[in-house]
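Colleague: Take a look at the letters that make up each chain.
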Amino acid sequence: MAKITAGIATSHVPAIGAAFDQGRDQDEYWKPVFDGYEWAKEWIKDNTPDVVILCYNDHASAMMLDIVPTFALGFAEEFEPADEGWGRRDVPMVYNNTDLAGHIAEQLVIDNFDITIMNQMDVDHGLTVPLSLMFGRVSEWPCKVIPLAVNVTQFPTPSGERCWQLGAAIRDAVACFPEDLNVQIWGTGGMSHQLQGPRAGLINPDFDNEFLDKLIDGTDDLRKITRLDYLRESGSEGIELIMWLIMRAALGEKVEELHRFYHVPASNTAVGHVVLKPLD
Amino acid sequence: MRERLYPLEDLEDIPGTTVFTARRSRQAYHLHKFCMSLMDAENRKRFKNDERAYLDTFRMSDEQKQAVLDRDFNQLIELGGNIYFLVKLSNTDGWSTQKAVGSMTGMTADEYAAMMRAGGRSPEGQRSIREGN
Chain L
603 MAKITAGIAT SHVPAIGAAF DQGRDQDEYW KPVFDGYEWA KEWIKDNTPD
653 VVILCYNDHA SAMMLDIVPT FALGFAEEFE PADEGWGRRD VPMVYNNTDL
703 AGHIAEQLVI DNFDITIMNQ MDVDHGLTVP LSLMFGRVSE WPCKVIPLAV
753 NVTQFPTPSG ERCWQLGAAI RDAVACFPED LNVQIWGTGG MSHQLQGPRA
803 GLINPDFDNE FLDKLIDGTD DLRKITRLDY LRESGSEGIE LIMWLIMRAA
853 LGEKVEELHR FYHVPASNTA VGHVVLKPLD
Chain P
232 MRERLYPLED LEDIPGTTVF TARRSRQAYH LHKFCMSLMD AENRKRFKND
282 ERAYLDTFRM SDEQKQAVLD RDFNQLIELG GNIYFLVKLS NTDGWSTQKA
332 VGSMTGMTAD EYAAMMRAGG RSPEGQRSIR EGN
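Sequences listed follow chains L and P, in order.
The first sequence runs contiguously to residue 882 in the numbering used here.
The second sequence runs contiguously to residue 364 in the numbering used here.
Calculated directly from the structure, the hints in this document are not laboratory data.
Values in this document were obtained by computation on a predicted structure and should not be read as measured data.
Among the hints, erroneous ones may be present.
[Stated by the list, open to error] Some, not all, of what chain L presents toward chain P, calculated at C-beta under 7 Å:
| # | residue |
| --- | --- |
| 1 | 616 |
| 2 | 756 |
| 3 | 865 |
| 4 | 866 |
Using N, Cα and C, we set each Cβ at its ideal position, and we do this for glycine too.
Go ahead and model the full structure; you've got the sequences and the hints to work with.
Modeller: Okay, structure coming up:
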């Protein structure tokens with residue numbers, strides 16, 4: 603049977619991708635950011651999954667103009683890195699496991715999640731920056747990836763509670779897939795940041811660190827954070843943290859924190875990163 | 232009536248923040264179509280070659296076109312725009328996202344970068360216009 607063996611959360615700042623692609627990762631500014639991922643990069647060499655379910659948001663690269671899906675599951679065989687206005691990132695093509703993706707899609711709809719199926723799309727920095735952070739410079743990604751895009755751009759976004767429920771349903775869907783697969787789920791985006799208006803640059807380390815603490819064993823509190831709370835406390839783009847709740851819920855009730863990293867700033871954003879292992 | 236955790240009008244109560252709603256998305260549809268067209272290298276070339284002529288191929292309002300020409304990101308957001316679309320424009324210009332974002336704060340790029348290095352903007356006094364906290 604397939605099993606979710608770990609959850610990883612990380613920010614997915616585009617400037618991290620640019621620093622990585624341009625070889626500036628050892629600069630004074632960027633070194634502390636990339637150092638925060640060294641532990642997980644080593645760890646994942648011995649814990650490479652067969653498949654990653656990667657929760658991210660599309661930044662108006664493949665959707666959000668003509669179609670605004672709340673939850674969109676990638677169902678193509680492969681996904682090309684998007685050209686976000688400065689050429690495509692020179693990173694490998696992303697390949698799907700369509701058997702597992704199809705199974706999850708069926709199970710989620712049966713469980714009343716009206717998800718959108720994406721038969722063709724490019725994937726932007728929201729998906730490829732986390733892959734670069736975890737796997738470094740590679741000629742091909744060492745695992746398959748099922749993209750799960752969440753609308754965190756156009757209001758109303760799904761609630762944190764809805765994301766939690768989705769994560770719990772994903773856990774059940776994976777658990778009843780008959781093939782033996784080592785599956786990880788990644789939640790990306792966040793932490794506090796605001797990319798618009800006179801309030802741009804907002805960072806709230808108190809909120810972020812409380813979120814990191816409660817991600818382990820205070821999840822009832824996290825599920826109650828409203829969209830308005832995220833906007834007020836973590837900036838207009840901090841609401842990306844709801845995607846971490848999908849990841850966390852998919853791990854079940856009890857988890858062990860294997861690694862945690864928090865750093866301000868990366869460009870406009872507070873960087874958070876955790877590696878969690880389910881205990882039941 | 233169904234229960235709501237807060238009145239939706241409260242989304243307008245956050246200082247210096249415009250919440251991107253479906254209505255704003257519709258207002259900016261053609262502006263955003265222009266932005267997404269810049270994901271193609273050939274279109275970027277056409278735009279750089281003659282910005283005004285390229286903009287005139289889109290059904291944007293004159294105000295939106297002028298704000299693009301001015302690279303006035305606050306005005307573009309006022310006219311319905313969302314930053315994830317708008318960075319396609321600043322990326323085309325070779326700007327960092329930080330430069331585009333910082334341009335909305337009334338600070339110079341250096342001042343904004345220094346604020347971020349020093350830990351960013353504190354949420355104190357930035358949570359609610361009504362409460363002033």
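Colleague: None of the hints should be skipped; say for each whether it holds.
Modeller: Comparing the hints with the structure gives:
For residue 616 of chain L, the suggested interface contact is upheld, since its CB lies about 6 Å from the closest CB of chain P, less than 7 Å. Proximity of residue 756 of chain L to chain P holds as hinted, the smallest CB-CB distance being about 5 Å (cut-off 7 Å). About 11 Å separates the beta-carbon of residue 865 of chain L from the nearest beta-carbon of chain P, more than 7 Å, and the hint is not met. Below 7 Å, beta-carbon pairs count as interface contacts, and residue 866 of chain L has one with chain P at about 5 Å; its hint therefore holds.
In this structure, the one hint that does not hold is number 3.
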